[in-house]
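Chemist: Those sequence lines, one after another, are chains A and B.
So the first sequence is numbered by our numbering: it starts at 1 and just counts up by one.
So the second sequence is numbered by our numbering: it starts at 1 and just counts up by one.
Source of the hints: derived by calculation from the structure; they are not laboratory data.
It cannot be assumed that every hint is accurate.
[To be verified] In silico PhoX-like cross-links for lysine-lysine, where the CA-CA straight-line distance does not exceed 25 Å:
1) B/Lys83 - A/Lys106
2) A/Lys106 - B/Lys44
3) B/Lys15 - B/Lys71
4) B/Lys78 - A/Lys101
5) B/Lys44 - B/Lys78
6) B/Lys15 - A/Lys101
7) B/Lys71 - A/Lys106
None of these values were measured; they are calculated from a predicted model.
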Amino acid sequence: AQSVTQLDSQVPVFEEAPVELRCNYSSSVSVYLFWYVQYPNQGLQLLLKYLSGSTLVKGINGFEAEFNKSQTSFHLRKPSVHISDTAEYFCAVSGAGSNYKLTFGKGTLLTVNP
Amino acid sequence: EAGVAQSPRYKIIEKRQSVAFWCNPISGHATLYWYQQILGQGPKLLIQFQNNGVVDDSQLPKDRFSAERLKGVDSTLKIQPAKLEDSAVYLCASSARQLSGANVLTFGAGSRLTVL
Numbered sequence: 001a002q003s004v005t006q007l008d009s010q011v012p013v014f015e016e017a018p019v020e021l022r023c024n025y026s027s028s029v030s031v032y033l034f035w036y037v038q039y040p041n042q043g044l045q046l047l048l049k050y051l052s053g054s055t056l057v058k059g060i061n062g063f064e065a066e067f068n069k070s071q072t073s074f075h076l077r078k079p080s081v082h083i084s085d086t087a088e089y090f091c092a093v094s095g096a097g098s099n100y101k102l103t104f105g106k107g108t109l110l111t112v113n114p
Numbered sequence: 001e002a003g004v005a006q007s008p009r010y011k012i013i014e015k016r017q018s019v020a021f022w023c024n025p026i027s028g029h030a031t032l033y034w035y036q037q038i039l040g041q042g043p044k045l046l047i048q049f050q051n052n053g054v055v056d057d058s059q060l061p062k063d064r065f066s067a068e069r070l071k072g073v074d075s076t077l078k079i080q081p082a083k084l085e086d087s088a089v090y091l092c093a094s095s096a097r098q099l100s101g102a103n104v105l106t107f108g109a110g111s112r113l114t115v116l
């Protein structure tokens, strides 16, 4: 079984400040890791993914995340946020293999204030 | 490429009524998923299809929910009879296997169900 814990349900920040959204996972097998973003009344959009290789992964909109196997973490970071980054962010994990299901965390609401 | 299409976007029904949601995945994607997202929670997998066969439906409440994927393309998710706790957004997603072996999901905009 696998699970995801997003440590903060809400993160308020000011525009142009840096932000880190925390994600920890548990799994008994090798994993693939994902961050998705959900804007109001929309579906989920893939921000970035870790499948293999470099542990630092860059995604769209200036976001990046680092896979830390020893700490079972996959924290999302952005050095300078914009108002338009206000959204719900979901961390997700799947086991390595095509039939492992994708398990999501409960989400972190990022609110960027002017 | 065209994205994952879902309809209707919004539906309001009374409890004990029935409802159906439709999904058209990205062309060529063999795997199709239905997720339920209750307000304030992350999406939960209801059912996963590989072509027109079911891979995982362990979390589908089979006494009231059913899903089919005819001809391995479009899919329909039905709820009958609906309960108040079924109020949620129903997300459809599809994927094609990556070279790494991972499934990377592309989601539709979702169908928001309100049960009164």
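Chemist: Each hint: holds or not?
Modeler: Hints versus structure:
With a C-alpha separation of about 23 Å, the suggested pairing of B/Lys83 with A/Lys106 holds against the 25 Å cut-off. The straight-line distance between the Cα atoms of A/Lys106 and B/Lys44 is roughly 10 Å, inside the 25 Å bound, and the hint therefore holds. For the proposed pair B/Lys15 and B/Lys71, the alpha carbon gap of about 31 Å is over 25 Å, so the pair is violated. Only pairs whose Cα atoms come within 25 Å are accepted, and B/Lys78 paired with A/Lys101 is accepted, the gap being roughly 21 Å.
Under the criterion of a C-alpha separation no larger than 25 Å, the hint pairing B/Lys44 with B/Lys78 is consistent with the structure, at around 16 Å. This hinted pair does not check out: B/Lys15 and A/Lys101 have alpha carbons roughly 30 Å apart, beyond 25 Å. A hinted pair counts as satisfied when its Cα atoms are at most 25 Å apart, and B/Lys71 with A/Lys106 does not qualify at roughly 34 Å.
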